[in-house]
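Please construct the entire structure, taking both the sequences and the accompanying hints into account.
2 protein chains.
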Amino acid sequence: MDFTFNDKPNQHRIQQTLEQFTDENTANAQMVGLFLELQWTYRTMQQQYNQLLGQFHLSESQFIILMFLEKAPNHAHLPSELADRLGSSRATITKLVNHMQKDGLVAKQHSKVDKRSVTIQMTAKGAQILKAFLPKNFDAVNTIMANLSASEIQQLFSLFQKIKLGTQNLKQEMESAHDE
Amino acid sequence: MDFTFNDKPNQHRIQQTLEQFTDENTANAQMVGLFLELQWTYRTMQQQYNQLLGQFHLSESQFIILMFLEKAPNHAHLPSELADRLGSSRATITKLVNHMQKDGLVAKQHSKVDKRSVTIQMTAKGAQILKAFLPKNFDAVNTIMANLSASEIQQLFSLFQKIKLGTQNLKQEMESAHDE
DNA sequence: AAAATTTAATTAGCCGGCTAACTATATTTT
DNA sequence: AAAATATAGTTAGCCGGCTAATTAAATTTT
Numbered sequence: 011m012d013f014t015f016n017d018k019p020n021q022h023r024i025q026q027t028l029e030q031f032t033d034e035n036t037a038n039a040q041m042v043g044l045f046l047e048l049q050w051t052y053r054t055m056q057q058q059y060n061q062l063l064g065q066f067h068l069s070e071s072q073f074i075i076l077m078f079l080e081k082a083p084n085h086a087h088l089p090s091e092l093a094d095r096l097g098s099s100r101a102t103i104t105k106l107v108n109h110m111q112k113d114g115l116v117a118k119q120h121s122k123v124d125k126r127s128v129t130i131q132m133t134a135k136g137a138q139i140l141k142a143f144l145p146k147n148f149d150a151v152n153t154i155m156a157n158l159s160a161s162e163i164q165q166l167f168s169l170f171q172k173i174k175l176g177t178q179n180l181k182q183e184m185e186s187a188h189d190e
Numbered sequence: 011m012d013f014t015f016n017d018k019p020n021q022h023r024i025q026q027t028l029e030q031f032t033d034e035n036t037a038n039a040q041m042v043g044l045f046l047e048l049q050w051t052y053r054t055m056q057q058q059y060n061q062l063l064g065q066f067h068l069s070e071s072q073f074i075i076l077m078f079l080e081k082a083p084n085h086a087h088l089p090s091e092l093a094d095r096l097g098s099s100r101a102t103i104t105k106l107v108n109h110m111q112k113d114g115l116v117a118k119q120h121s122k123v124d125k126r127s128v129t130i131q132m133t134a135k136g137a138q139i140l141k142a143f144l145p146k147n148f149d150a151v152n153t154i155m156a157n158l159s160a161s162e163i164q165q166l167f168s169l170f171q172k173i174k175l176g177t178q179n180l181k182q183e184m185e186s187a188h189d190e
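Protein chains in written order, with my numbering: chain A, 11 to 190; chain H, 11 to 190.
Hints in this document: simulated from the structure, not taken from any laboratory. Among the hints, erroneous ones may be present.
The list cannot tell twin chains apart, which means a pair is met if one copy fits it or any two copies do.
As the list claims (entries may be wrong) - Each computed SDA-like pair below joins lysine to any residue, with the alpha-carbon atoms no more than 20 Å apart:
{"no.": "1", "residue 1": "146", "residue 2": "171"}
{"no.": "2", "residue 1": "122", "residue 2": "142"}
{"no.": "3", "residue 1": "174", "residue 2": "164"}
{"no.": "4", "residue 1": "172", "residue 2": "45"}
{"no.": "5", "residue 1": "174", "residue 2": "41"}
{"no.": "6", "residue 1": "135", "residue 2": "165"}
{"no.": "7", "residue 1": "181", "residue 2": "104"}
{"no.": "8", "residue 1": "125", "residue 2": "65"}
Here is the structure:
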């Protein structure tokens with residue numbers, strides 16, 4: 011965009027250009043601002059939520075793993091399945107599961123069919139801690155979301171969907187740019 | 011809530027109870043679902059954004075610090091000011107700034123007035139890297155937010171505000187509960 | 001059947017987040 | 001002025017995220 015006028019533009023043109031610039035500028039600035047706002051909203055929420063989890067000696071990922079195991083047949087999953095579910099790397103899962111094993115929340119069982127494979131099973135203690143935490147989690151989420159109406163919740167679902175789509179597009183752009 | 015009927019309720023009452031239960035249940039389930047959705051949206055977005063930052067050997071926090079310094083008089087701030095701005099602990103800032111110093115993005119200057127105090131100043135290299143990154147950042151944010159209309163962006167600002175309020179309420183609840 | 005490839009999980013090493021404890025300096029109280 | 005308190009920043013030690021390299025086993029190719 012060019013802001014040096016060699017001709018002598020009339021007032022209308024200047025006004026138009028300014029408005030156009032202003033519109034684009036504020037629209038763009040708003041996107042950046044929204045991006046920062048999303049990060050701040052998440053960070054502050056997560057900090058508080060982590061404190062709650064800390065009272066039960068859990069991390070967010072550990073909680074998600076317990077929830078996932080709770081619904082699974084035989085309360086068991088493979089590490090790779092946990093990684094897919096959490097959207098994190100297998101290395102991270104190894105660490106997490108080791109901690110959880112040390113704390114007695116899960117147990118590892120080596121498969122005899124495929125000797126590379128390991129099943130992670132929730133223990134009774136894990137189930138008990140999950141059961142104790144769930145109501146607190148529920149209350150906390152209700153408090154966090156208390157100011158939202160039912161229709162606002164629906165809006166957020168749909169808006170998050172759009173942001174996730176945007177993220178996917180960015181991912182594809184970056185991957186194809188990397189191939190060059 | 012009780013679902014065993016000792017009396018013989020008419021069809022209407024059953025229907026009513028079911029609806030009421032369903033409504034409450036789905037409303038609550040939706041809040042939990044929305045909470046998970048927010049986490050997922052943020053996590054996937056952040057993973058991609060971190061990849062972009064990684065191309066410039068920056069982390070998100072390092073970028074925010076550079077932006078903050080860029081706008082500051084003399085391109086300088088105290089560590090405590092950075093901590094407040096990022097909403098993170100001073101220990102985290104110490105680590106971050108040490109890394110950034112090693113990479114030549116910032117410099118430390120010990121105050122002679124207050125010997126406890128240190129000023130963190132952005133270097134020319136820091137300014138240059140920031141300048142190189144900004145357009146990429148801009149494009150990435152635009153891609154992520156591309157599916158949102160102007161009014162949707164406004165909605166999100168207002169909805170995030172409500173979530174932040176909810177977080178504050180949770181914080182206060184937890185702090186007062188802790189005092190007991 | 002042997003070689004090459006793929007897959008499952010782990011390890012090593014980095015970064016950034018936290019809390020708690022510590023050092024050094026300023027400030028306030030007494 | 002001395003003692004107590006508050007403040008600025010760092011350090012130690014934990015956790016959880018990542019990538020890259022490694023190990024071991026299964027599968028596919030040849």
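For each hint given before, does the structure comply? Return the numbers of the non-compliant ones in rising order.
Numbers 1, 2, 6, 7, 8, in rising order.
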